[in-house]
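The listed protein sequences derive, respectively, from chains D and R.
Residue numbering for the first sequence is 13 to 233, as defined by our numbering.
Residue numbering for the second sequence is 13 to 233, as defined by our numbering.
Note that these hints are calculated values from the structure, not bench results.
Each hint can be trusted.
Okay, the calculated beta carbon distance ranges per label pair:
1) D:220 / R:119: 31 to 37 Å
2) D:182 / R:16: 46 to 52 Å
3) R:84 / D:178: 45 to 51 Å
Simulated crosslink set (EDC-like; lysine to aspartate or glutamate; CA at most 20 Å straight-line):
4) D:222 / R:182
5) R:222 / D:197
6) R:119 / D:176
7) R:224 / D:197
8) D:222 / R:197
9) D:224 / R:197
C-beta: ideal position from N, C-alpha, C; glycine also.
Spelled out from the first residue to the last, the chains are:
2 protein chains.
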Amino acid sequence: MTKPTLAVIGGTGEEGSGLALRWAADGYSVLIGSRSRERAVAAAAELKSMLPPELPARISGDSNAGAAAAADVIVLSVPYSSQTGILEQIRAGCQGKTVVSVVVPLKPPRVSRVWRPQGGSAAEEAQGFLGGEARVVAAFQNISATHLKELDHTVDCDILVTGDDSTAKETAIELARAAGMRGIDAGPLSNSSVSEGLTAVLIGINIRNKVKGSGIRITGV
Amino acid sequence: MTKPTLAVIGGTGEEGSGLALRWAADGYSVLIGSRSRERAVAAAAELKSMLPPELPARISGDSNAGAAAAADVIVLSVPYSSQTGILEQIRAGCQGKTVVSVVVPLKPPRVSRVWRPQGGSAAEEAQGFLGGEARVVAAFQNISATHLKELDHTVDCDILVTGDDSTAKETAIELARAAGMRGIDAGPLSNSSVSEGLTAVLIGINIRNKVKGSGIRITGV
Chain D
13 MTKPTLAVIG GTGEEGSGLA LRWAADGYSV LIGSRSRERA VAAAAELKSM
63 LPPELPARIS GDSNAGAAAA ADVIVLSVPY SSQTGILEQI RAGCQGKTVV
113 SVVVPLKPPR VSRVWRPQGG SAAEEAQGFL GGEARVVAAF QNISATHLKE
163 LDHTVDCDIL VTGDDSTAKE TAIELARAAG MRGIDAGPLS NSSVSEGLTA
213 VLIGINIRNK VKGSGIRITG V
Chain R
13 MTKPTLAVIG GTGEEGSGLA LRWAADGYSV LIGSRSRERA VAAAAELKSM
63 LPPELPARIS GDSNAGAAAA ADVIVLSVPY SSQTGILEQI RAGCQGKTVV
113 SVVVPLKPPR VSRVWRPQGG SAAEEAQGFL GGEARVVAAF QNISATHLKE
163 LDHTVDCDIL VTGDDSTAKE TAIELARAAG MRGIDAGPLS NSSVSEGLTA
213 VLIGINIRNK VKGSGIRITG V
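Sequences are here, hints too, so could you generate the full structure?
Laid out in C-alpha cells, this is it:
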C-alpha cells in the first residue's frame with residue numbers, strides 16, 4: 013500500500029519536526045508547513061541532513077496552505093493560541109482528508125492546571141472550524157518532544173487516539189507505529205478533552221519530580 | 013505514628029470493599045459505611061473472614077453517618093448518582109477531615125464517553141457541598157475492582173491524586189501505598205476532571221480490547 017503524503021503544519025516546532033523526522037525515517041513523504049515558506053524549506057533541509065544517508069529523504073518545505081493542499085493527511089502541530097489563524101490558512105486543503113491534531117490547550121502561566129477551551133477541546137474546536145468534510149482525530153498530546161529526534165530513543169509513552177471516524181483513527185494509530193510508539197483507540201473525539209488535559213497533569217508531574225519527559229502507558233491490554 | 017481510622021462510605025460496593033480489605037490487611041482500622049447499618053455490619057464480617065487469621069481484624073460496620081463521624085479519614089466510594097444524597101448524611105462527620113473521593117461520574121448508557129458534571133468533576137462538587145472545612149482529594153478512579161480482593165494481586169495501575177491541600181494529598185498517597193499501589197501527585201483538585209474522565213476512556217479500551225482491567229502508568233518518574 014502506498015503511504016500517504018503527510019503535511020506537518022507547525023513542522024518547524026520541536027514536536028512537529030521530531031515527528032516529521034521519525035515519519036520520514038519510516039519512508040513517508042513529509043511536507044513541512046510553516047507561515048514562512050523560507051523557514052519551512054530550511055527546516056526540511058535540516059531534517060533531511062539528520063536522516064541516515066542510505067534513506068531516500070522525502071522531506072520538503074512549503075507554506076502552511078501549500079503543504080496542506082498537497083498532502084493526503086495533515087498533522088496540526090501548532091500552539092493552541094495560533095490554532096484558529098492557521099486553520100483559516102489550511103481550511104481548503106483539509107477538506108476530505110484526515111487531520112491529526114497534536115494541539116494541547118494550555119493557559120499560561122498555569123500550564124500544569126488542566127484548562128479546557130470553550131469547544132470542549134482543541135481538537136473538537138478544529139473539527140467545528142473545518143467542518144464535517146475533514147476527519148479530525150486527536151493524538152500525540154502526551155509525548156515529550158525532548159528525545160523525539162534521537163531516532164533510536166524509545167518513547168516510553170502510549171498515544172491515545174480519539175476521533176469520530178474509525179478509518180482516520182486507524183491512520184493515526186499507524187502514524188504512531190511509524191514513529192515508534194503504540195497508538196490506542198481512546199474513543200470518540202469528545203474524549204480528547206481527557207488526552208489533551210493529561211498533558212497539563214504531566215507537566216505538573218515533570219515539575220514536581222524534576223524530570224523532563226513523564227508520559228503514560230495503558231496497562232492490561 | 014498511629015494510623016488514622018478510615019471510614020469507607022459505600023464500603024459494601026465492589027471497589028470500596030476491595031480497598032477496605034487491603035487497608036485492613038495493612039493494619040488500618042476500617043469502618044464500613046452503608047445506608048443500612050445491618051448490611052455494613054454483614055459486609056465487615058465477610059471482609060474480616062477474608063483476612064489472614066494472624067492479622068488483628070479491625071473492620072466493623074456502621075451507618076454512613078456513624079462511620080464518617082467516628083473516622084479520621086473518609087473515603088467516598090459511591091455511585092455518582094448517589095453522591096449528593098450520601099454527602100448530606102455524612103456532611104457533619106466530614107468537617108475538619110480529609111475526604112478521599114473515589115467517585116467516577118459516568119452518564120449511562122454511554123459510559124465509555126467522557127462526561128463532566130456541572131461542577132467540573134465529582135470531587136469538585138463534593139468539595140463545594142462539604143465546604144472548606146473538609147479537605148477533598150480525588151484518587152483511585154482508574155483502578156479495576158476485579159482483583160482488588162486478591163491481596164497478593166499486583167494492581168498494574170498508578171493512582172493519580174489531585175487536591176488543593178498537600179497534607180490531604182500525602183494521606184491519599186500513603187493510602188495508595190498501603191493498598192499496594194503507587195500514588196502520584198497530579199496537581200490541584202480541578203485536575204480531577206482528567207483523572208475521573210480517564211475512567212470512561214479506560215472502560216472504552218476494555219470494551220474494544222475485550223479485557224477487564226486496563227489501567228494507566230505514569231512513565232519517566
